[in-house]
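Construct all of the structure, not just a fragment, from the sequences and the given hints.
Just so you know, the protein sequences line up as chains A and B, in that order. The first sequence: position 125 = 124 (numbering that gives the first Met the number 0), numbered continuously. The second sequence: position 1 = 0 (numbering that gives the first Met the number 0), numbered continuously.
You can trust all of the hints, since none of them are fake.
Just a few of them, taken from the derived set where beta-carbon distance is under 7 angstroms, the chain A residues facing chain B:
| id | residue |
| --- | --- |
| 1 | V184 |
| 2 | L187 |
| 3 | G191 |
| 4 | I192 |
| 5 | I229 |
| 6 | V230 |
| 7 | C233 |
| 8 | P242 |
So the derived label-pair ranges between C-beta atoms look like this:
| id | chain 1 | residue 1 | chain 2 | residue 2 | range |
| --- | --- | --- | --- | --- | --- |
| 9 | B | T45 | A | L177 | 29 to 35 angstroms |
| 10 | B | R145 | A | H34 | 44 to 50 angstroms |
| 11 | A | A25 | B | K77 | 42 to 48 angstroms |
| 12 | B | K77 | A | K27 | 39 to 45 angstroms |
Calculated directly from the structure, the hints in this document are not laboratory data. Even for Gly, the Cβ is constructed at its ideal location relative to N, Cα and C.
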Amino acid sequence: MHNDKLALIMAFLAILGYLLAMKFSARKFEAWPIHRLLLFSSGVAVGVQALAGPVAMHAHHSFVFHMIGHLLLGMIAPLLIALSRPVTLLLRALPQKRGQTVSRLFRSMYARFLIHPVTAAVLNIGGLWVLYTTSLYQYMHQANWVSFLVHAHVFAAGYLFTMAMLYTDPVPYRKSYLFRAFVFVGALAGHGILSKYLYANPPIGVEAAAAQEGAVLMYYGGDLVDLILIVLLCWQWYQTAAPDHKLSASKAAE
Amino acid sequence: MEKKHTYNRRNCFSGLLFGFGLAAFVDEAVFHQLLHWHHFYDLSSTSWGLISDGFFHAFSWFATVGGLFLLADLRRRKQMIPKLWWGMVLLGSGIFQVYDGVIQHKVMRLHQIRYGVDNLLYYDFVWNGAGAVLLILGVLLVWLSRRKKHAQ
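Written out as structure tokens, the structure is:
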């Protein structure tokens, strides 16, 4: 099956699943806010662009379009979906016993390792280094399944990273804001350095001019989306540190 | 007493972060994007320069936002000391400007201020001179805010 059809089916199922979860959750809890459905479906719609539609079509031969798709799938879509709090919704929708199984899964050592900000950052930025500095980028355009796996990784790692920074869903063993801020700066730096590296050293099979255009887009596009992440992270920090916040007494001084 | 001390330091920290980030932002917006004097990457920098530039840029990006949120926090606690804060903003901008002019442009050769001009020395002189003026003004303001506090 072609990747674009597969992606469209997955997107359809994801939105359907979200709607069903909303319905089930409303039986026990108050109605799930509609703006989160909008966030989720726009996130899915944005992410699908990297695999189906005009952007995906041009991405086969144009590095710039590949980069647009990458920004949409790896940064904007994960942010929108993370803000729609799918895990919280899932936990509400599931019957109590299933919910406990899921939350036990999230508390496991494995999940704890994955959601650690450093792991998430390495998977996210490290994955990009591997993709663009080895022959993986070339393989991606030769075999459909490689392309699909790369896209899946880009999205999953982007989502994991966003979650590890913003904790929009209940995450056990949270790291402090300061720690996350440091990891964030490191990840942003890794992204910027890779952009400039690609400017000078095009991935295999990409022409110099196209690589430069794509690299500049990667640099500024990444900055822009990361600015939103920074504002959200600082906003949460600001609220937690409020003088009358219930947890602030000990943490405000940090 | 202990409390007051903390807010003094937080004023300094917030101003410094914001000043640093602001200077980096102005550098990016004016000299890279509007004037096109600076190059995105002129391929002559050292690899160490590229790495340091990456961290520098990421840090200043975060510092701009973080510094402003810290200021919002100080204002909500009614603990902002304007002269001290603005002084530290100037100081932070000056530090960035001089670091950028001396280390990034000259030592690491990330890029020059302007290409295709034969009097680059003047550009460097004005660039670092502006940084020095910012530094001095910053120190002056911080010193004034300290003196006022002691006079009270």
